[in-house]
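Number of protein chains: 2
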Amino acid sequence: MNFSKCWLDYKPLAEYEQEWLTLAVQCEGKIVSSAVREYKLAMKEMTGKGLDVINTPAEQGVNLKLDAELVSGQDGYTISVSGEKYEITGQSESGILYGVFHFLRLIRTGHLEELPVANTPEMPLRIMNHWDNMDGSIERGYSGESFFYKDYEILWDERIEQYTRMMASIGINAIVINNVNVHEKETYLITDRYLQQVKQYSDLFNQYGISLYTSVNFAAPMELGDFDNCDPLNPDVAAWWKKTVAHVYEVIPNFGGFLVKADSEGRPGPFTYDRTHADGANMLARALAPFGGTLIWRCFVYNCGQDWRDKKTDRARAAYDNFIGLDGQFDDNVILQIKNGPMDFQVREPVSPLFGGLKKTNMILEVEIAQEYTGQQIDLCYLLPMWREILDFDTYAEGEGSTVQKIVNGSVYGQTLCGMAAVINTGNDFNWTGSDLAAANTYGYGRMTMNPSLSSDVIAREWTELTLGSEVEQEIVPMLMKSWSTYEKYTSPLGIGWMVTPHYHYGPDIDGYEYDRWGTYHRADRDGLGVDRTPAGTGYTDQYNEPWRTVYADPETCPEELLLFFHYVRYDAVLKSGKTLIQHIYDTHFEGVEEVEEMIARWESLQDKLAEDVYERVHERMERQLANAREWRDRVNTYFYRKSGAEDAQGRKIYE
Amino acid sequence: MNFSKCWLDYKPLAEYEQEWLTLAVQCEGKIVSSAVREYKLAMKEMTGKGLDVINTPAEQGVNLKLDAELVSGQDGYTISVSGEKYEITGQSESGILYGVFHFLRLIRTGHLEELPVANTPEMPLRIMNHWDNMDGSIERGYSGESFFYKDYEILWDERIEQYTRMMASIGINAIVINNVNVHEKETYLITDRYLQQVKQYSDLFNQYGISLYTSVNFAAPMELGDFDNCDPLNPDVAAWWKKTVAHVYEVIPNFGGFLVKADSEGRPGPFTYDRTHADGANMLARALAPFGGTLIWRCFVYNCGQDWRDKKTDRARAAYDNFIGLDGQFDDNVILQIKNGPMDFQVREPVSPLFGGLKKTNMILEVEIAQEYTGQQIDLCYLLPMWREILDFDTYAEGEGSTVQKIVNGSVYGQTLCGMAAVINTGNDFNWTGSDLAAANTYGYGRMTMNPSLSSDVIAREWTELTLGSEVEQEIVPMLMKSWSTYEKYTSPLGIGWMVTPHYHYGPDIDGYEYDRWGTYHRADRDGLGVDRTPAGTGYTDQYNEPWRTVYADPETCPEELLLFFHYVRYDAVLKSGKTLIQHIYDTHFEGVEEVEEMIARWESLQDKLAEDVYERVHERMERQLANAREWRDRVNTYFYRKSGAEDAQGRKIYE
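In the order they appear, the protein sequences are chains V and S.
Per numbering that gives the first Met the number 0, the first sequence starts with residue 0, numbered consecutively.
Per numbering that gives the first Met the number 0, the second sequence starts with residue 0, numbered consecutively.
Some hints could be false.
For identical chains, the list gives no copy identity; a pair is met inside one copy or between any two copies.
[What the hints assert, rightly or not] Derived SDA-like pairs (lysine to any residue); straight-line CA-CA distance at most 25 Å: (1) K39 / E555; (2) K652 / T21; (3) K652 / D524; (4) K578 / E555; (5) K652 / W517.
FYI, nobody ran anything at the bench for these hints, they're computed from the structure.
Bound conformation, chain V alone (with noise of 0.2 Å):
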């Protein structure tokens, strides 16, 4: 096989202790095999030396030990150092695991200083979703075709084994193997023409403490049953499930449940029939309640036929407006998987008011490592400060404090079936993700789950180190810590969102969205643009708590990146910054261009320091960035110059 370790490129290290190459195994299990198995494969690797493990306690050594009573939460560990004695203390099997990965994260970047570290991996759940199709193809996959399938058949090659292996060492603990978007074939996931196979899978995330789930079709009942509906009241349909949901069981005892996407964009679902989503999702969730199973159930549900003449619809709104009502009428086993924003991933939006909303729901923050609308990582963004700004946001649902990450972390409410979900980068690409740079994401996706106080900054540096090394840490973290500011810069200003070519989603088409169905609007005319989402427009801002709903309603008091979602603004009205609103969509868009530029030398004077295929390959995607931003500055600009009228401040060339 053709691919690279990611962050598990051990190299062999300057120096070592002595000490490490003992390992004292004072407990057992399966996931304590597979944390034997890496640590011992990484000192062969750093240190070119055999392990001599054994199973009583070593005073020179490395000693794994299990203490259930370690810690209050689920998987927690400790790490100690005293003389020549080291202590991996899992409270877990998987807790030992997360402590080996994470001594041997010390050792190779030397942070063994650090030392003793206590940890307790922050959300219960910390979930991988693949939207991978049986076909081969990753939908919003750019990084090459599935590794997990091709055309029809489940692979199985030593591919996936290290890529096992990166999910458990960043933490992650559930894995959805296919796309939310069940096509026919994906249908048969769940049924014996795939299951020994899916088990297959399923054995090898175990030995890593991860759950395999898989996304299953509302519609399977009439798609493998004979069913001619699957109104999730109808007994027979329910029973239809329970059938199989125990067939499921039967060959994969451990499997972990369902992912559902219904009633979005064309996938069947309850409103078929008049149900409600509490209706579809608990007639699921029942069936997997007996096995432990567990139910996810997404909330992107959306007008996805929506008339762009409405002003009153508003697809912001419709997360909140169907799933709102049903707070508390969900079973204990399912949980809502709502993404970051109301609308789509876009490169900013504001937080979706669901997390200030539900109450009494289990709740799990849906994000996208996958860069569809940031670039396909073909540009660079580096998503961790994008996520750290939606965790830190106060809902104020409980009172100020109320933050996502608390809410998701099970704090604010006490809840266990709880974390974050987030549709990966990964495809069969030699480097995984694309860019060298994207899998950055991926790293930093699974630290911030399992330690949501780690700073993007801190993760970049550690990913760095682990990746490319530290020589050139000093570079390559600012160079990340800056890419989504530049992103959002020489894109759809702020906050609006959508100045998107249609379906692909890489590049500028201003009114690409404008007149289509998607409710997916700017509303620009000769005066102004924006989506008046306040009382007096849509209403949106009402799905806030206060002080937010207030915050929001004011365009004095909005927050400026997202003043063009809740507000119509007139080109001439001044900004903060002094600005006219016009001026500041020409200034951000020649910046953009500008930082893109410094990027790329930025790049370059570091060839002598990396790798020649890791340069070559990341130049040559600067290179189409570059391509991209000045397409992207240049037709916003002419857009709006052409509809305002206005002369840049500082007469630089916007075409006519």
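Starting from the structure of chain V, add chain S where the hints point.
Chain S in isolation, oriented as in the chain V frame:
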């Protein structure tokens, strides 16, 4: 096979003359045999009687005679009647066939009082271009799949024969059987892989006086041979073509020749080798010449990688700029095939200035029956009035009266290799043309090439009587006659074109091509829109002879329907109607929709007089047309309202 007979659907006659049932055939040949067969079939279906075929003159009967001296042109015929004796005299076998079809038409429409008639086909070449691909798809096909090919096999069934009869009945004498975009498999059409089956087609066509042509891949020597180039001045390349062509004629002695799209939209061509189109065309023509073959070379050559920022480059200039300097350099058996306008089959374009420019080059006028930009056989758009205007356009090439018609019928320059070619609108739909009414364009195209002096409404009446019956003619003919104008009203205004959904070319997308690479811009800003093609702009108007050069360059004299094609015009400019430009845009778009509504009412009034399946098929399309027209109206009006800020003088609903 499941297909309709279109205009060859012979209905029983209420009454007939006994002498029609005697056919005196005083000549012979395979086309004469076809004429006899056609006449016999028609009589059988119209009278239910068998035909008495004799080979001596009949005083009571229909006499078929050959007279090579009958007329000076090609394939002329006369039909006369004297007492009970009819005489159809052909200047050739094809002339007899055309005469028989004409005679049958007069019988069917009850217009025998028009006898005697004498006709000579006006256009020497009356060509159909099929954009059929061998996988069975049809580029810009809106009537099902190909009836020539399926899954890379050549089909052979009764549909082919019906098709051939239909073509002959309207005077077609040349058919290009594959798409001008020649893909990999189609490259093999001129090889033994397919030649025997192509010959089968050719033999059938020949029986009806039709020559078979193929589109060829200019890079065939590289794909079929061992060449690393296809440089037309490479003697080995030329030798390869000579050998290949010789083999084609060995198998198909009556093979017509080749059609070539080179250096266009990604197709290979002589430009790659710094050769001219004359180099390319002549090389191929010289391979065909020994066998009497003809080489048709398309002039649709332009830069499809244009930068929207560039306001000097003008796609409209491209064909003229690329070919005018080559006038006189083409071999005698080369014909340039010139699209009617300088862009690409828009609903309104000026006539290509090549028709006024080229003087020493054989020319064919290319039109598109397939309604790519004119409603895709969903929207009704009878194209004869457009073609009529094009043919009547006076190029002033050799002084006043040098109309396009006279250029392509050979009378201006005494050419014999000239005429018209059309991209056909057929497919394997039951009714051949998607909408039953779209067949009026297929039929009308042939009739017009035979006799361009026939007016569009006469042809419409003929087609209606033959296809739908004379009872509905009073309603259908005006419906057809108005349809182009209606379509133009609700789509892009005053000649600017291109406001369509990219790639698909159906439905509105005002900015869809505006920032793209295709050279198709409207340049709308907050003050006005249109492209300055005067000497102050792109200079395109200079490609015309006087007086057009001056007339087009001045917005005061420029024909208003082309105003925005030639000029950037302010929204508040006053048109000849006294309305401002913006008001004109609003008004025509409201009118267009109203006219569609009236058209539907008219169609509905005919329900009892039409076959149910025809009525329903067309009605369903008209409903889609109405939705399309409304979408066009609203998007165009809103787009220009947002840009101009101008209120509708009549206060109608324009969405903001």
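Consistency of the hints with the structure:
1. K39 / E555: Neither, since 59 Å and 87 Å both go past 25 Å.
2. K652 / T21: Close neither inside one copy (66 Å) nor across copies (82 Å); limit 25 Å.
3. K652 / D524: Cα proximity of K652 and D524: in one copy and across copies (22 Å, 17 Å).
4. K578 / E555: within (14 Å within a copy, 43 Å between copies)
5. K652 / W517: between (33 Å within a copy, 23 Å between copies)
Checked against the numbered hints given earlier, this structure breaks hints 1 and 2; the rest are met.
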